[in-house]
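*Asks:* Based on the provided sequences and hints, a complete structural model is requested.
Counting in the numbering used here, the final residue of the sequence shown is number 167, and the numbers go up one at a time with none missing.
Everything labelled a hint here was simulated from the structure, so no lab data went into it. Treat the hints loosely; a few may be bogus.
Below, in silico cross-link-like pairs of lysine-lysine (DSS-like), each with a Cα-Cα straight-line distance of 30 Å or less [what the hints assert, rightly or not]:
#, residue 1, residue 2
1, Lys98, Lys32
2, Lys98, Lys108
3, Lys32, Lys17
4, Lys108, Lys32
5, Lys17, Lys108
Derived CB-CB ranges, DEER-like [unchecked claim]:
#, residue 1, residue 2, range
6, Glu100, Asn133, 19 to 29 Å
7, Ser142, Thr31, 20 to 30 Å
8, Glu82, Asn147, 17 to 27 Å
9, Ala78, Asn27, 19 to 29 Å
10, Asn132, Ser24, 31 to 41 Å
11, Asn133, Gln75, 29 to 39 Å
12, Gln113, His26, 23 to 33 Å
13, Asn34, Asp143, 39 to 49 Å
14, Ser52, Lys32, 16 to 26 Å
15, Lys108, Gly33, 33 to 43 Å
16, Asn34, Asn132, 18 to 28 Å
17, Lys17, Asn147, 29 to 39 Å
Given the structure is predicted, the values throughout are model-derived calculations rather than measurements. Where is the CB? At the ideal position from N, CA and C, for every residue including glycine.
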Amino acid sequence: MNSEVNTSLINHVKLTDRLTSHHNFLNTKGNMGEFLDLSYLEIHDFDFSNLRLNNVVAMGTTLLRCNFSQTQMTAFQFESARVVQCNFSEALLLKAEWYETTVEKGVFDQTNLERAEFTSCTLIGLDLNNCNLQGASFSDCILNATTLENLSKRKIQVDGINRL
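*Replies:* Written as structure tokens, this is what we have:
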């Protein structure tokens, strides 16, 4: 599903500078700073908690052991990304798009995934039972040791899930 993508490891100082610029962009309605794009970056052990990352793109990105707890990530776009051991507790991922992305051993406690779309994703070792999945859709996904129960009762759209 995911092919190898060349990424560059970004250090925490440069990433913090990009986040500050993004914050300025949002607060000035685009008059200052730059919109954040995390594409083709490799990010390890970074704390994104409590930030606003709405509409950010992470194409070909590797996120390892990052903290996104209580982060606003509405319409965040993961494409051909690799997300490993990240914490999304109480994060707002409303209408987030997950395409050809591998998500492995993350924490999704009380995460809002309402209307999120998972397409051709591999989800490994996740428990999604304590998430808001109202209107979420899973299409052509592989669930390996991932808990996702009561799909019809929770109004989750499913098309082509393979459980391993």
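*Asks:* Could one say that the CB atoms of Asn34 and Asn132 fall in the range 18 to 28 Å?
*Replies:* About 43 Å separates the Cβ atoms of Asn34 and Asn132, which means 18 to 28 Å is violated.
*Asks:* Could you say whether the range 19 to 29 Å given as a hint is met by the Cβ separation of Glu100 and Asn133?
*Replies:* holds, 22 Å
*Asks:* Given the range 29 to 39 Å, decide if the beta-carbon distance of Lys17 to Asn147 lies inside it.
*Replies:* Check passed, 34 Å falls within 29 to 39 Å.
*Asks:* Please check whether Ala78 and Asn27 have a Cβ separation lying inside 19 to 29 Å.
*Replies:* Cβ of Ala78 to Cβ of Asn27: about 20 Å, so the range 19 to 29 Å holds.
*Asks:* Given a hinted range of 39 to 49 Å, is it respected by the beta-carbon distance of Asn34 and Asp143?
*Replies:* holds, 41 Å
*Asks:* Taken at face value, is the distance from the CA of Lys108 to the CA of Lys17 at most 30 Å?
*Replies:* holds, 27 Å
*Asks:* Regarding the pair Lys32 and Lys17, is the alpha-carbon distance no greater than 30 Å?
*Replies:* holds, 22 Å
*Asks:* Between the alpha carbons of Lys98 and Lys108, is the straight-line distance 30 Å or under?
*Replies:* holds, 22 Å
*Asks:* Quick check on a hinted range of 33 to 43 Å for Lys108 and Gly33, using CB atoms only.
*Replies:* Given a distance of about 37 Å, which is inside 33 to 43 Å, the answer is holds.
*Asks:* Given a hint of 17 to 27 Å, does the C-beta separation of Glu82 and Asn147 actually sit inside it?
*Replies:* holds, 20 Å
*Asks:* So does Asn133 sit 29 to 39 Å from Gln75, Cβ to Cβ?
*Replies:* violated, 19 Å
*Asks:* Range hint 23 to 33 Å: satisfied by the CB atoms of Gln113 and His26?
*Replies:* Once the Cβ atoms are compared, 25 Å apart, the range 23 to 33 Å for His26 and Gln113 holds.
Violated hints, listed in ascending order, are 4, 7, 11 and 16; each of the other numbered hints is respected by the structure.
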